[in-house]
Amino acid sequence: MEKEILLDVQHLSVGFESYNAKVEKVFFNAISDLNLTVHKGEIVAIVGSSGSGKSLLAHAVMNILPDNARTGGTMFYKGELLTPERMNRLRGHEIAFIPQSVAFLDPLMQVGEQVVGTLGEKARTLQQKAFEHFGLKQSVAKLYPFQLSGGMARRVLLSTSYVAETEMIIADEPTPGLDLKIAIEALKDFRIQADQGKGVILITHDIDLALHVADKIAIFYDGRVVETADTQTFRGDGQGLKHPYSRALFHALPQNGFNLQRCPKCGATCATWNVDEKGMRCGCGNS
Amino acid sequence: MADIKYDKTGNCGSFGLNRRREILLIILSGVVFLSGVCLWGLLMDPSLYAPDYEARRLAPSLSHLFGTDSLGRDMFYRTVCGLSTSIQIGLLSALISSVIALVLGSMSAVFGGRVDTAVGFMVDLCMGVPHLILLILISIAVGGGAAGVITGVAVTHWPNLTRVIRAEVLQIRSAQYVQIARKLGKSNWHIAAKHIVPHVFPQYLVGLILLFPHAILHEAAITFLGYGLPLDTPAVGVILAESMKHLAAGMWWLAFFPGLALLFMTQLFDIVGDYLKILIDPHSARQ
Amino acid sequence: MKKGLLKYLFSTVARMLVLLVAVTLMSFLLVHNAPMDPVDAFLGEIVVSEEQRAKIAEHWGLDKSPAEQYVIWVKNTLHGDMGESRTYHEPVTKVLGERFRASLLLMGTAWILSGVLGLLLGIVAGVYKDRWPDRIIKTFSLILASTPVFWIGLLVLVVFAVELQWFPLGLAVPIGKVESEVTWMERLHHLVLPALTLSITGVANIILHTRQKLIDVMESEYVLFARARGETLKQLVMRHGLRNIALPAITLQFASISELFGGSVLAERVFSYPGLGSTAVVAGMQADAPLLLGIALFSALFVFAGNLTANILYGIIDPQIREGGGSNG
Chain A
1 MEKEILLDVQ HLSVGFESYN AKVEKVFFNA ISDLNLTVHK GEIVAIVGSS GSGKSLLAHA
61 VMNILPDNAR TGGTMFYKGE LLTPERMNRL RGHEIAFIPQ SVAFLDPLMQ VGEQVVGTLG
121 EKARTLQQKA FEHFGLKQSV AKLYPFQLSG GMARRVLLST SYVAETEMII ADEPTPGLDL
181 KIAIEALKDF RIQADQGKGV ILITHDIDLA LHVADKIAIF YDGRVVETAD TQTFRGDGQG
241 LKHPYSRALF HALPQNGFNL QRCPKCGATC ATWNVDEKGM RCGCGNS
Chain B
1 MADIKYDKTG NCGSFGLNRR REILLIILSG VVFLSGVCLW GLLMDPSLYA PDYEARRLAP
61 SLSHLFGTDS LGRDMFYRTV CGLSTSIQIG LLSALISSVI ALVLGSMSAV FGGRVDTAVG
121 FMVDLCMGVP HLILLILISI AVGGGAAGVI TGVAVTHWPN LTRVIRAEVL QIRSAQYVQI
181 ARKLGKSNWH IAAKHIVPHV FPQYLVGLIL LFPHAILHEA AITFLGYGLP LDTPAVGVIL
241 AESMKHLAAG MWWLAFFPGL ALLFMTQLFD IVGDYLKILI DPHSARQ
Chain C
1 MKKGLLKYLF STVARMLVLL VAVTLMSFLL VHNAPMDPVD AFLGEIVVSE EQRAKIAEHW
61 GLDKSPAEQY VIWVKNTLHG DMGESRTYHE PVTKVLGERF RASLLLMGTA WILSGVLGLL
121 LGIVAGVYKD RWPDRIIKTF SLILASTPVF WIGLLVLVVF AVELQWFPLG LAVPIGKVES
181 EVTWMERLHH LVLPALTLSI TGVANIILHT RQKLIDVMES EYVLFARARG ETLKQLVMRH
241 GLRNIALPAI TLQFASISEL FGGSVLAERV FSYPGLGSTA VVAGMQADAP LLLGIALFSA
301 LFVFAGNLTA NILYGIIDPQ IREGGGSNG
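Residue numbers (this note's numbering), protein chains in the order written: chain A, 1 to 287; chain B, 1 to 287; chain C, 1 to 329.
Just chain A, same shape as in the assembly (with noise of 0.2 angstroms):
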């Protein structure tokens, strides 16, 4: 059965004007054609290397990117067109964003007002459940950020995705700094929700962690999703992976025995090698 569409991304693209060494004014493309669907009940891993530009795709959906960057395509919510002044008033009710560390909290408010933020006194409520949740003591509300621990700061941060009606997640990254089982946990958690019927975009750069919990992975490569493909296709060698960076991707993991191809020509190791839609080759002209 088809499950019902709840975001719909049509040819993103984020570029940044800025200034060179020549004080020209120039533009720097950071996401180019990027197309993401996202059914309800179900999370998409948008897997990538570090710095490829991911936490700008989510900070793209969001609508809150900086002055100097300029978006173009289309993005569809249930159904409906999503345009800006939409966003400004779905964000932080309907739809959550869970930042990826502790500097996304106000260095000079308690946590605990912080994770309630503008909602009022039913949030306060939900918030004092959530830290429940996460095993974080009450008295952790009455803390400054600095004065929270690396794995304390991410579960104050998830906490903040419980305290509104949200019917979507977008997580930025939200597992590094945890220990193994409250990352498990976190991620259970982001898989319960999906079941009730939300959906949940997890962002991160560990595809390993990713093929736990998602039921779709996007490879993520240079401002473009490579691939999208179902978790289950992330089995056996792989070969029912279109793309070979995806393949790539996949072989390099651990339990594959981290096999990097090569180029039989130069020798350089794929990491280096060039991506594009249809494929990857080495820079020396080997192909």
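Hints in this document: simulated from the structure, not taken from any laboratory.
Incorrect hints may appear among the rest.
[As the list claims (entries may be wrong)] The following label-pair restraints were derived from C-beta to C-beta distances: (1) C:GLY108 with B:LYS183: 54 to 64 angstroms; (2) B:GLY145 with C:LEU233: 39 to 49 angstroms; (3) A:GLN138 with B:GLN179: 44 to 54 angstroms; (4) C:HIS189 with B:PHE33: 35 to 45 angstroms; (5) B:PHE264 with C:ILE316: 53 to 63 angstroms.
[What the hints assert, rightly or not] Computed far set for chain C versus chain B, every beta-carbon distance over 10 angstroms: (6) LEU30; (7) VAL162; (8) PHE167; (9) TRP184.
A virtual CB, placed ideally from N, CA and C, is assigned to each residue, including glycine.
Dock chains B and C against chain A, hints included.
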């Protein structure tokens, strides 16, 4: 969401001139203008602003742009002369001050430890007394006159630039490529000449130019109070101090134009400094 | 009170005391080195014998070595005796006390005015970054920042005192009136123009710094996250903006005291306002060493008191200092 509007060359600038050239042109015209004023004052025939009892207390007109004072001296030529004096004194004292900053800042960064603490203490000491009080004390100690002003301004204006240079040198010393050069066995002199000086010099230059307006304003202030340049020099501070006696008589032009000219000049120095900063560090151009 | 705060306060006070001693030493050396002979400056045109001159010098302790003179000065100062002003023929402490009262009124008014106005305009500019309110406020502040105080004073004088005649030309009280007969209204009437001048010059710096700080805060990751959680611009400014610019604003406000003191010297000169600043100018002209030293010490104390207050407030407000740092729980 609208499509991104930018041309493929990546250059959004619509002006015919390349922005770098435009900035260079602004800097150049600023420098030419300021040196022009300086030279004009130096080479001016003193008879142009000699007392003329036929033309006393004249309001501004085409023949006397800034009017005349109670002795019939042409205020325009006196002001130009005063600005020229200000530029010379500003240049000299800012130059001395910046050399102090360069030496102390680099020493502080290179030797660290006690030297750093000592320099820090000197900075605090210098900032501990209001500048103007310190200027008066120094001016008295040196015996007043131009020497007093130059010494005073020179020894009170180094703290900020010292901090900047200290931070710059520290940053560059810990930079990876300098660390590598050190590992490769390059001598300290080589590292200083090849890496540190080229990096710190532009910052020093900008700091120096941005010091000029401060130096000029303080020179004018201390002269205005009667501690600076002797009363017979055509200096803006002297002109404004003299004007006080005649303001009540309605001779507003005696104060208005010379001060405006001084303001215009300090603004010009600021603009030259700021644009130079943009050339050196294009990121600061992102308004 | 928490341990972290106490330790922080103790080290701050200790550092400031050391600096204060260094400031007095530096001022003493400067005044002592002046080529101007204080006896000559004191006598002016009066001709006296060598013997009498020596007597005056002895009376002032000028025959002793500089080190001895400094020690004596420090000792007496600690006992509340800062010597006698050679210009006013009154104890330095008395002169300082009287002049300071007038200055305090002037500087206090300007301090509050420039602080409140600077903070407000800075916030407006920061919130509307790069839009027209910001452009106007920023341009205005940049020009003001490099405008000489005394020139602004002269313009204010010409416009409001000479042309419009709304306010008196100068002084702190009407000419020829006995101190006890002066009313508060008269004092205020004389205060307006110098205070206005002083505020205008102090405000630019506060605007520019507040603006920059607010922009930094609004571009921070925590504000980004707060936006992602649906906070409106107003909520962002009220909840996170004000909270995070409070600390730098306090530092700035108290650090501006030093500049304000310098500005007051000029403003008082323009308006012949008999405060500490104009007294400093006179003391310098007359080589009145005890009074000059007194003023240097006093101004340094004033600046230090400002810095100390800022540091204490910082310690109380900043949770990182208050709670002593480190993670727990």
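Verification of the supplied hints:
| no. | hint | verdict |
| --- | --- | --- |
| 1 | C:GLY108 with B:LYS183: 54 to 64 angstroms | holds (59 angstroms) |
| 2 | B:GLY145 with C:LEU233: 39 to 49 angstroms | violated (56 angstroms) |
| 3 | A:GLN138 with B:GLN179: 44 to 54 angstroms | holds (47 angstroms) |
| 4 | C:HIS189 with B:PHE33: 35 to 45 angstroms | holds (44 angstroms) |
| 5 | B:PHE264 with C:ILE316: 53 to 63 angstroms | violated (45 angstroms) |
| 6 | LEU30 | violated (4 angstroms) |
| 7 | VAL162 | violated (6 angstroms) |
| 8 | PHE167 | holds (13 angstroms) |
| 9 | TRP184 | holds (26 angstroms) |
Against the hints set out earlier in the document, violations occur for numbers 2, 5, 6, 7.
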